[in-house]
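Asker: Single-letter residue listing:
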Amino acid sequence: MLYLEGLTVQRGNKIVFSNFNTIIKSGSITLIKGKNGSGKSTLLRTIVGFTPLEKGTIKNDKKNVFNNNEEWVNNLIFLDTKTGLSKDLTVIENLNAWSTMKGWSSNIENLTMALKSVGMDKYADLYISQSSEGLKKRAALARLYLSFINKVDFWILDEPTNELDKTSLVLFKQLISKFLKQNGTIIIATHDLTIVEDQFNILDLDDFKKQRVL
Amino acid sequence: MNSIHSSWSNIFIAHIKRDILTNSRSLLDLISIVGLMILIIILFPLGLGPIKEKLNVVSNAVIWVGLILAIIPSLEKLLLKDFENGWLDQIATSPAPLEIIMLSKAISYWLIMLIPLILTSPIFAILLDMDLKNIPWLVISISAGSLAISLIGLSGSALILGARRGNILLPILIIPLMTPILIFGVGVNEAVKINESPFGNLFLLLALTLIYLVISPFISALLVRIAIGR
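Those protein sequences? They're chains A and B, same order as listed. Be aware that the first sequence starts at 517, since it is given in the numbering used here, and climbs by one per residue. Be aware that the second sequence starts at 114, since it is given in the numbering used here, and climbs by one per residue.
Hints are not guaranteed to be accurate.
To be verified - Straight-line Cα separation of at most 25 Å, SDA-like style, residue types lysine to any residue; simulated pairs:
id: 1; chain 1: A; residue 1: 603; chain 2: B; residue 2: 126
id: 2; chain 1: B; residue 1: 190; chain 2: A; residue 2: 622
id: 3; chain 1: A; residue 1: 603; chain 2: B; residue 2: 250
id: 4; chain 1: A; residue 1: 598; chain 2: A; residue 2: 622
id: 5; chain 1: B; residue 1: 190; chain 2: B; residue 2: 249
id: 6; chain 1: A; residue 1: 667; chain 2: B; residue 2: 142
Everything labelled a hint here was simulated from the structure, so no lab data went into it. Since the structure is predicted, the reported quantities are computational estimates derived from the model, not experimental observations.
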């Protein structure tokens, strides 16, 4: 269970949200929706710990996650619209660099399996500079597979499906249901509420802001 | 606890490997540094005119100033590339502290960009008519000082992340920090020229390098955290 209590986040002079409360259950999938600029990405970056909190706490099972930041970030996979892929490296080199950066053993079989899980095994030696936006996104999504080998409880994904075609969307859904079966928790910021078929919760940032005004 | 630290060193080494691999794919940065350095070395004698003795007076300083000026354009990209493609966000979710990764960045920059300059510095010294007895000391002093230069450069590069017009800001911010390195670095060879012991200057240079080795990863990591928190 992830408890977000009284979150207030400020960017520059603008308060993005104030006194935001919610509970995210373990083993569930939460879709964050809201208008452009409503603070979806900021909320995700706050949960990961990038954007500093003005007020409030984020607790994972009664413990403040930022008290042991190392444990927290190691327990999650964060995927932004900026994928973190170096254009000078190939798909598999990027995945390898990411996996060792996470402190995980990166043997070639696991990496190949990960690429296969998003249908990227054919493109393992393709340079990122030569790949399309959709392939880049899939190369980044291949990281999610590694959480079935190493211990990860949270996926925090920002617009993961934007550039995906139908076949890769199916593969992505398979990854999601496999992770949910492992009692993993998924938080996704998206406009497209059809990306999951399983039970999901919706966190509507626009609604929250309306309530604050009333 | 031990296993955590061994994984830190693995991550440290893996990150240096990644940077070297990335840079080996596009050698343009390295070529531009060495090219700029050669241009500075060539222009100085042309500007000084035909009197040979003048050259011997300035040769030492020209190499050091050339080194500092030549690396400025590449410093700007040292962290900016990784910031723009989102890699800095990803390494902030690494179990290794950001400070360790920043240190690996400085080391890999030193290995990739500055080692070639150190290796070619004897050639530059000969082009500038430096005494042969000075050349080993030049290599030693540049080796010691250039690590400090890359550490300062890393902090500067972290400072301009997300800033508009960072490329103009960067030299103004970091060249003043590099002046002590320049003074003691040049001092090593000036001492050799007048047959004095160069060790006083060399030890001060090493001391400065060690100071920057300790503080620069912390400053850079702090600045990167601010940049990705915006």
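Asker: Hint by hint, where does the structure go against what was stated? Just the numbers, ascending.
Answerer: Violated: hints 2, 3, 5 and 6.
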